Structures are given as structure tokens and as C-alpha cells.
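Peer 1: Residues per chain, in single letters:
There are 2 protein chains.
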Amino acid sequence: MHEHGGNLDLAQQRFGGRVEDWIDLSTGINRLSYPVGEVSMRAWSALPSRSEIETLHQAAQHAYRTSAPVVAMGGAQAAIQLLPQLAPRGQARILTPTYNEYAPVLSAAGWEVEEVSELDALAGAALAIVVNPNNPDGRCYAPKDLLALLPRVGRLVIDESFADAVPHLSLTSEALRPGLLILRSFGKFYGLAGLRLGFALGDATDIVKLAAMSGPWPVSGAAIAIGRRALLDDAWAEATSARLARESVGLDAMVQSQDWRLVGGTPLFRLYEMPDALAAQEKLAGAQIWSRIFARKPNWLRLGLPGSETEWSRLAEVLAR
Amino acid sequence: MHEHGGNLDLAQQRFGGRVEDWIDLSTGINRLSYPVGEVSMRAWSALPSRSEIETLHQAAQHAYRTSAPVVAMGGAQAAIQLLPQLAPRGQARILTPTYNEYAPVLSAAGWEVEEVSELDALAGAALAIVVNPNNPDGRCYAPKDLLALLPRVGRLVIDESFADAVPHLSLTSEALRPGLLILRSFGKFYGLAGLRLGFALGDATDIVKLAAMSGPWPVSGAAIAIGRRALLDDAWAEATSARLARESVGLDAMVQSQDWRLVGGTPLFRLYEMPDALAAQEKLAGAQIWSRIFARKPNWLRLGLPGSETEWSRLAEVLAR
Numbered sequence: 001m002h003e004h005g006g007n008l009d010l011a012q013q014r015f016g017g018r019v020e021d022w023i024d025l026s027t028g029i030n031r032l033s034y035p036v037g038e039v040s041m042r043a044w045s046a047l048p049s050r051s052e053i054e055t056l057h058q059a060a061q062h063a064y065r066t067s068a069p070v071v072a073m074g075g076a077q078a079a080i081q082l083l084p085q086l087a088p089r090g091q092a093r094i095l096t097p098t099y100n101e102y103a104p105v106l107s108a109a110g111w112e113v114e115e116v117s118e119l120d121a122l123a124g125a126a127l128a129i130v131v132n133p134n135n136p137d138g139r140c141y142a143p144k145d146l147l148a149l150l151p152r153v154g155r156l157v158i159d160e161s162f163a164d165a166v167p168h169l170s171l172t173s174e175a176l177r178p179g180l181l182i183l184r185s186f187g188k189f190y191g192l193a194g195l196r197l198g199f200a201l202g203d204a205t206d207i208v209k210l211a212a213m214s215g216p217w218p219v220s221g222a223a224i225a226i227g228r229r230a231l232l233d234d235a236w237a238e239a240t241s242a243r244l245a246r247e248s249v250g251l252d253a254m255v256q257s258q259d260w261r262l263v264g265g266t267p268l269f270r271l272y273e274m275p276d277a278l279a280a281q282e283k284l285a286g287a288q289i290w291s292r293i294f295a296r297k298p299n300w301l302r303l304g305l306p307g308s309e310t311e312w313s314r315l316a317e318v319l320a321r
Numbered sequence: 001m002h003e004h005g006g007n008l009d010l011a012q013q014r015f016g017g018r019v020e021d022w023i024d025l026s027t028g029i030n031r032l033s034y035p036v037g038e039v040s041m042r043a044w045s046a047l048p049s050r051s052e053i054e055t056l057h058q059a060a061q062h063a064y065r066t067s068a069p070v071v072a073m074g075g076a077q078a079a080i081q082l083l084p085q086l087a088p089r090g091q092a093r094i095l096t097p098t099y100n101e102y103a104p105v106l107s108a109a110g111w112e113v114e115e116v117s118e119l120d121a122l123a124g125a126a127l128a129i130v131v132n133p134n135n136p137d138g139r140c141y142a143p144k145d146l147l148a149l150l151p152r153v154g155r156l157v158i159d160e161s162f163a164d165a166v167p168h169l170s171l172t173s174e175a176l177r178p179g180l181l182i183l184r185s186f187g188k189f190y191g192l193a194g195l196r197l198g199f200a201l202g203d204a205t206d207i208v209k210l211a212a213m214s215g216p217w218p219v220s221g222a223a224i225a226i227g228r229r230a231l232l233d234d235a236w237a238e239a240t241s242a243r244l245a246r247e248s249v250g251l252d253a254m255v256q257s258q259d260w261r262l263v264g265g266t267p268l269f270r271l272y273e274m275p276d277a278l279a280a281q282e283k284l285a286g287a288q289i290w291s292r293i294f295a296r297k298p299n300w301l302r303l304g305l306p307g308s309e310t311e312w313s314r315l316a317e318v319l320a321r
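The listed protein sequences correspond, in order, to chains V and A. Each residue of the first sequence is one higher than the one before, starting from 1 at the first, in my numbering. Each residue of the second sequence is one higher than the one before, starting from 1 at the first, in my numbering.
Hints listed in this document are in silico derivations from the structure and should not be mistaken for laboratory results. Remember, predicted model here, so these are calculated numbers, not experimental data. Treat each hint with caution, since some may be false.
Same chains, same names: a pair is fine if it fits in one copy or spans any two.
[To be verified] Computed list of lysine to aspartate or glutamate pairs in DMTMM-like fashion (alpha-carbon distance at most 25 angstroms, straight line):
#1 Lys209 with Glu112
#2 Lys297 with Glu115
#3 Lys209 with Glu3
#4 Lys209 with Glu101
#5 Lys283 with Asp234
Please take these sequences and the hints and turn them into a complete structure.
Peer 2: Put into C-alpha cells, the structure is as follows:
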């Protein structure tokens with residue numbers, strides 16, 4: 001398993017405490033989750049029907065403002081796992097630093113993988129991967145620049161796992177263009193990563209292929225019921241986007257007392273540069289607040305946003321020490 | 001999508017009624033589900049940790065009485081989807097008639113697929129598939145015969161999706177043998193198919209490969225929490241096995257008034273042969289009881305077991321008409 005946030009078991013092993021004592025800011029998962037509500041007995045017991053899955057797809061098209069074909073999967077990660085089988089093996093280029101699952105998944109399946117650091121360097125690749133906005137540094141790419149790149153690559157995958165709160169960056173409305181494939185995560189913005197739900201949007205050929213590879217029941221009944229309700233709830237999404245925009249800037253203000261510099265971020269997480277990220281992680285862990293550091297970038301620490309007032313206070317307190 | 005049970009949307013389209021009015025006997029899913037109980041907020045919101053997934057694997061080893069490596073997936077179907085990538089393409093042979101996803105999944109990935117009707121005819125295949133007990137006809141294969149076949153095939157996949165209530169048929173205790181791969185469904189016996197949970201058990205090489213292809217978070221937090229509890233509950237499993245054994249025979253007795261002949265079955269479903277299965281399906285559908293018929297076998301009708309007393313009465317009533 002590669003290095004990921006959300007590894008609270010590691011935090012517990014090293015610093016003790018019960019899972020429920022920890023404030024996990026090691027991911028970009030919204031800590032004020034969409035209300036789960038009641039899950040019907042049928043959602044637990046029955047195989048999801050075609051029409052139930054179809055209503056989920058329609059809700060995703062609504063939330064992502066597109067009429068492009070869509071397929072639900074067990075998280076954006078599930079789509080990443082299938083990417084190597086979507087086209088004949090060739091050269092993949094990944095705009096890095098970024099989410100660290102693309103390179104190993106493609107390499108393991110026999111793709112030649114090259115990591116590049118500029119958008120233009122993706123041109124010529126059979127498969128080009130861009131995470132927009134990027135994780136962990138929040139770097140953003142203008143939709144028009146991505147569309148200009150599209151004819152210069154075999155297939156362009158844009159991972160919009162963190163785009164919900166910045167919809168102007170999204171290319172879902174263009175997902176019908178051949179060669180363009182958009183991945184969306186449900187769990188991060190809606191704060192329900194344990195539900196395992198994500199989507200791929202693209203032209204019919206790719207989506208039919210991904211759907212066939214995912215099998216007839218790729219997501220749970222609970223994911224369909226809760227996901228559909230959440231994706232149709234425009235009021236919640238708007239209020240949440242506004243809150244995250246406000247509070248992410250608030251987090252930057254709160255850490256100004258530290259010798260930390262903002263590298264970038266999204267409304268769901270911030271990346272700070274500092275002299276010793278491991279020391280900062282340990283300081284936060286002393287107050288049972290878990291953060292994300294990066295083996296290859298010893299000066300980087302990524303922080304998600306606290307949820308409740310109590311969580312914000314606990315963070316303020318440890319930072320003031 | 002291939003022909004499957006559980007397609008209540010089709011039943012509704014053709015015969016009307018609300019989903020909740022129907023008694024769905026078109027699958028082999030236990031209608032008296034394991035109690036779901038409360039799902040913690042953390043299970044919904046957080047990414048499952050390595051150690052949480054590990055506890056689920058241990059619970060599966062307990063329930064399936066084995067120390068063999070195991071990997072959790074989104075249903076036995078999720079493992080089927082990965083089979084084509086487990087080994088270099090070659091000839092697959094499937095013992096048929098059986099569950100109709102193996103052939104198309106393997107064919108779509110470029111495998112040469114041959115359907116055979118006797119166990120011995122599997123010998124020589126690179127990949128051999130046996131469902132034991134078999135769906136839909138309940139045919140059973142003795143563990144010793146399967147083990148004798150093992151050295152004569154490249155890889156032997158035994159789908160034990162319906163083996164929970166007939167554990168003497170299971171080869172999970174032998175799953176460590178190289179070349180043997182056992183698939184287990186969680187949702188059928190525990191009546192929680194909407195949870196999307198299943199397992200593959202085998203030697204470390206295969207299981208590590210399947211785990212890598214499934215990605216770091218292959219199942220939901222709810223699947224881990226509920227699955228673990230259920231798989232450790234020996235008392236429930238024993239009582240349920242006893243009830244299903246009793247009631248499946250009770251179903252055979254109940255249909256004796258019809259011109260139906262028992263072909264075979266498992267404690268979770270029965271397959272009956274009759275002059276006109278479509279007419280029988282329509283008769284049952286008139287009482288909003290859904291059953292499974294087979295395009296290629298117009299004389300076959302498969303029935304799952306009703307759950308509550310009310311459901312048994314409704315079935316008895318329509319059969320008496």
C-alpha cells in the first residue's frame with residue numbers, strides 16, 4: 001500500500017489514543033458530512049437494480065452539470081484501477097507531484113510511466129493524467145488550457161476529486177469530447193469517503209467499457225440512496241462550498257503564527273511548507289490531531305479543515321503552544 | 001447487462017406495483033437478513049484503514065475456517081471481474097450451466113472460453129471455473145474430486161457463493177494450495193447483497209495480486225463493520241443454516257401440488273422444471289412474487305425462499321389458485 005492520508009491506525013500506533021479521540025486532518029475529506037439519514041432495508045438487502053443505478057447516474061449529471069455518459073464506481077480510486085485496461089498499453093505521462101496511485105497502478109499493468117512537471121510536457125502521451133485542482137499542492141489548470149491539450153494526447157484523464165467546491169475549474173460539461181475522461185470523487189466534498197462512491201464521465205465508448213469492467217453492481221445500495229439524495233441537494237452543496245471557501249482561508253490565517261508558508265490548496269485542504277514537517281506533525285499529534293506529511297517532501301505538511309467549533313479550538317490551542 | 005435475478009425493475013415494468021409490494025424470490029438472497037444495527041459515523045465518513053480491513057479479513061478466516069490469505073472485495077462479482085487479469089490469457093473452461101457472468105467477462109478480455117458439462121472435461125484448461133454448489137441447478141461436487149482436478153488445470157476457481165449453508169462442500173481450508181482460488185459471497189447467506197461484499201481466498205501470490213488490482217479501499221466502511229460482526233456470529237450462522245435447510249425442503253413440499261419437478265437446489269434456492277416456466281412466472285407475478293426464469297431453458301424456474309410467515313402464506317395462496 002502506498003502512502004496515504006487517513007491512516008489513523010498509524011497515528012494510533014505511534015501516539016496512542018482511541019480512534020474517536022483523533023481529529024483526522026490528514027485527508028481532504030470534509031469533516032461536516034452530508035447527513036446520512038435512514039438507509040432502507042431494501043438498500044441493504046437487495047442487489048441494486050439497473051433503474052436504481054440509473055437514478056444515481058442522473059443525480060451525478062445534475063450535480064456535475066453535464067449530459068455526458070457517466071458510470072458510478074466504488075470511489076474515483078476504482079476508476080483509477082481500471083485505467084490501464086481502457087486502452088492498449090503505451091506511454092502514460094502524469095503531471096506531478098500529485099496523487100500517488102496513478103504511477104504504480106499504470107506501471108504494474110505494464111505501462112511506461114513518465115512523470116512531468118508542466119502541462120505542455122504531457123503532449124504526445126498515449127495517456128495523460130492531470131489532477132485539477134491538484135492534490136496536494138492545489139495547483140489549478142484553466143479549462144481552456146486542458147481543452148487545448150486534448151487533441152495533442154491519446155487520452156486525457158482529468159481527476160476532479162477536489163473540484164466540487166471550485167466548479168468553474170471543472171470540465172464535466174465537456175466530458176462528451178472523445179479522448180476526455182473525467183473522474184469525480186463523491187466522498188471528499190460530501191464527507192462520506194467510507195461509502196466508496198465516485199464517477200467517471202466521458203464519451204459513450206469509454207463509459208460503456210468502464211461500466212463493463214466494473215460489473216453489474218459496482219456500488220452499494222447505501223451509496224445509491226445516499227449519493228442520489230446528496231447529489232440532488234443544491235442548497236447543501238452551495239452552502240458547503242461557501243463555508244469551505246471561508247474556512248480554508250481561515251485556516252491559513254490561523255497558522256500565520258507558525259513558520260509555515262502556504263504552498264497552495266483547495267477549499268478542502270491546504271499545503272504548507274515549513275522547516276521540519278515531521279516535527280510539526282508530531283506537535284499536532286500531541287493534541288491528537290493527525291496531519292499528512294510526504295516522504296519525498298520533508299518540508300510539506302497538508303492539513304484538512306477541522307469540522308466543529310471544538311475541533312477548530314483544539315487546533316488553535318495546539319498551534320498556540 | 002446479462003440476465004440476472006433481482007431485476008425487480010423489470011417485474012414492476014411488466015406487472016406494476018411498488019418495489020416494496022413485491023416478494024423477490026428471483027435470487028438466492030436470504031430474505032431474513034443479518035441485523036444491520038447501527039453504523040458508526042466514522043464508518044460512513046472515513047476511508048477504511050488498513051487495520052480495519054485486516055479485522056474483516058480475520059473475521060472471514062474465522063467464518064470460512066481457514067488460515068489462507070484472503071482479500072475483501074465489492075462482492076464475489078468484483079473478483080470475477082478481475083479473473084482475466086490474474087494470469088496470462090489462455091483457454092478457460094467453465095462447468096455449465098452456471099452463473100452467467102464468467103463467460104462474458106473472460107471473453108471480453110480476450111480469453112478463449114469453452115463451456116463443458118462434466119468436471120473431467122475441465123482438465124487441461126489454463127483456467128477452470130466450478131460453482132459449488134452450482135447455481136442454478138444446485139449440483140454439488142465433492143471436495144476430493146475438485147482437489148484431484150487441481151493438478152490437471154492451470155488455475156482452479158471455485159465459486160462458493162452458495163456454500164455457507166453447506167460448509168462440508170467448501171474447500172476454503174485448502175485454499176492455500178497453489179492454483180486454487182475460492183470465491184465467497186457475503187450478501188447471499190447474510191441477506192445483505194446491497195452491501196457489496198465478497199472475498200477471494202487463495203495462495204499469497206494470487207491474493208496479493210487481487211488486492212493490488214482492487215486498490216487500497218475496495219469495500220465500504222459499512223461493509224467492514226457489518227461484515228465483521230456477521231462473520232463472527234457463529235450462533236446466527238448455525239441457526240440460519242438449520243432454518244434454510246428445513247425451509248428449502250418445505251418449499252419443495254409446498255410446490256408438490258404443481259406440475260413442477262425439483263431439478264436441484266441449495267438451502268438458499270430451488271430449481272424446478274415445468275411445462276411452461278414463463279406461465280408459472282406470470283402466475284406468481286400476479287401475486288407480486290418475482291421468480292427467475294432462463295432464456296435458454298424455457299422449462300426452468302428458480303425460486304428463492306420466502307422470509308416471513310406472511311411471505312410464505314402469500315406464496316402458498318397463489319400456488320393454490
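Peer 1: Could you check the structure against the hints above and give me the numbers of any it violates, in ascending order?
Peer 2: Number 5 - this is the single hint that the structure violates.
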